[in-house]
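A.B. asks: Sequence:
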Amino acid sequence: TSLYNSLIYGLCKVAREDEALGLLVGMRRSRCVPDAFTYNILIDHFFKVKRVNKALSFVCKMIQDGYFPNQVTFCTVINGLCNAGKLDKAWDCFQYMFRKGLQPDVFTYSSLIAGLCRSNRVREAFALFSQMEGRGCVPNVVTYNILICAFCRTGNMSMAFQMLDKMGIKSVKTDEVTCNTIVDGLCKSGDLASAHLLINKIIDEGMIPNVIAYSSMINGYCKLGKMDEAFKLYTSMEMIGISPNVVTYNMLIDTLCKEGKFNIALSILDEMKAKGLVPD
RNA sequence: UUCGAUCAUACUCCA
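The opening position of the first sequence corresponds to residue 109 in the working numbering, with each subsequent residue numbered one higher.
Honestly, the hints are just simulated from the structure, not real lab data.
Using N, Cα and C, we set each Cβ at its ideal position, and we do this for glycine too.
Incorrect hints may appear among the rest.
Estimated spans, in silico, between C-beta atoms of each pair [to be verified]: (1) Gln172 x Asn248: 29 to 37 Å; (2) Met315 x Lys169: 45 to 53 Å; (3) Lys366 x Lys162: 38 to 46 Å; (4) Gln203 x Leu385: 44 to 52 Å; (5) Arg137 x Asp283: 39 to 47 Å; (6) Val355 x Asp143: 39 to 47 Å; (7) Gly276 x Phe176: 37 to 45 Å; (8) Phe176 x Cys365: 53 to 61 Å; (9) Ile171 x Asp126: 21 to 29 Å; (10) Asp173 x Val214: 26 to 34 Å; (11) Glu346 x Val249: 26 to 34 Å.
Listed below are the simulated DSSO-like cross-link pairs for lysine-lysine, each with C-alpha atoms no more than 30 Å apart in a straight line [said to hold, decoys possible]: (12) Lys366 x Lys340; (13) Lys274 x Lys296; (14) Lys156 x Lys208; (15) Lys281 x Lys334; (16) Lys366 x Lys296; (17) Lys334 x Lys309; (18) Lys121 x Lys156; (19) Lys334 x Lys366; (20) Lys334 x Lys383; (21) Lys383 x Lys366; (22) Lys156 x Lys169; (23) Lys296 x Lys331; (24) Lys281 x Lys296; (25) Lys340 x Lys383; (26) Lys369 x Lys383; (27) Lys381 x Lys334; (28) Lys309 x Lys278; (29) Lys296 x Lys278; (30) Lys194 x Lys169; (31) Lys194 x Lys121; (32) Lys169 x Lys197; (33) Lys296 x Lys309.
All chains should be modelled from the sequences, with the hints used to inform the complete structure.
C.D. replies: Here it is as structure tokens:
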């Protein structure tokens, strides 16, 4: 069964769904029966390809087959419903979990929090975050990143920093995403100075900011019309060995065009092509 | 050891 599960998983990932379903039938001939893993894989797959009803039908099949949905199943379903914009259904499902005596785990809470954030219900997301802590479920770096991102997006940098502080207090290690999210938030709010400080701090700590952090900054300068600063960053990132990517070039070229500096834009485009990057 | 969370975070398109 494990082997079949691996195969079904792989086939779903490469969009060879019919073959995956074929194996679902075929596995029985090898005296293997589908288990909860098998169903979870298929449920997730159908949600990912936006076939919500098909996904739910596999939940039914799973139950008929004698497997009650487990934590992963619930998480998969809740996440799928959120991504399909059916937030209320997801919430119902969440409540249902409790009634069935299943505790949602970090993954499930994070899914729902992310769903709320995406629908701009950041306030509720934060309430749920507090709720999970109250229930003894420990938020991880992903949970924090989701909320930090949401606070940044809504311009609430003070809450974003509050969450960041809280990570420190609870000794949840920040990751690249955390850093990039904060840098981008600062840039979007026009506080390039703080963003710079943050980047420098990272470098001082012996870490290397990645291309996304730099691109956020470059974008920030572009939006402020400070192309000289943008280009300074562009050259300095190359000096420390970070290669600009297509997105970085898009930012520069886009603003150059909007400023009517087409010749410079074209020369940058050539520079980009010379590096083997393909314009998109 | 076979399943789930940041449509993982950056650009463009009054999307």
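A.B. asks: How does the Cβ-Cβ distance of Phe176 and Cys365 compare with 53 to 61 Å: does it lie in that range?
C.D. replies: For Phe176 and Cys365 the Cβ distance comes to about 58 Å; the hint holds.
A.B. asks: Do the alpha carbons of Lys334 and Lys309 lie within 30 Å of each other, as the hint requires?
C.D. replies: Holds, at about 23 Å.
A.B. asks: A range of 26 to 34 Å was offered for this pair. Does it hold for the Cβ distance of Glu346 and Val249?
C.D. replies: With Cβ atoms ~30 Å apart, the hint holds.
A.B. asks: Quick check: does the Cβ-Cβ distance between Gln203 and Leu385 fall within 44 to 52 Å?
C.D. replies: holds (49 Å)
A.B. asks: Checking one constraint from the list: CA of Lys334 to CA of Lys383, max 30 Å. Satisfied?
C.D. replies: Within the cut-off at roughly 25 Å; holds.
A.B. asks: Under the criterion that the straight-line Cα-Cα distance not exceed 30 Å, is the pair Lys121, Lys156 satisfied?
C.D. replies: holds (10 Å)
A.B. asks: Regarding the pair Lys296 and Lys309, is the alpha-carbon distance no greater than 30 Å?
C.D. replies: Given pair Lys296, Lys309 holds - Cα atoms ~19 Å apart, limit 30 Å.
A.B. asks: Does Lys296 lie within 30 Å of Lys274 when you go C-alpha to C-alpha?
C.D. replies: Satisfied, since the Cα-Cα distance of roughly 23 Å is no more than 30 Å.
A.B. asks: Please work out if Lys340 and Lys383 have their alpha carbons no farther apart than 30 Å.
C.D. replies: Holds, because 19 Å separates the two Cα atoms, which is no more than 30 Å.
A.B. asks: Kindly confirm whether 39 to 47 Å is satisfied by the beta carbon distance between Arg137 and Asp283.
C.D. replies: holds (45 Å)
A.B. asks: Lys281 and Lys296 were given as a pair; does the straight-line alpha-carbon distance stay at or below 30 Å?
C.D. replies: holds (24 Å)
A.B. asks: Kindly confirm whether 21 to 29 Å is satisfied by the beta carbon distance between Ile171 and Asp126.
C.D. replies: At roughly 24 Å between Cβ atoms, Asp126 and Ile171 fall inside 21 to 29 Å, so the hint holds.
In summary, the structure is inconsistent with hint 15 from the numbered list given earlier, while agreeing with all the others.
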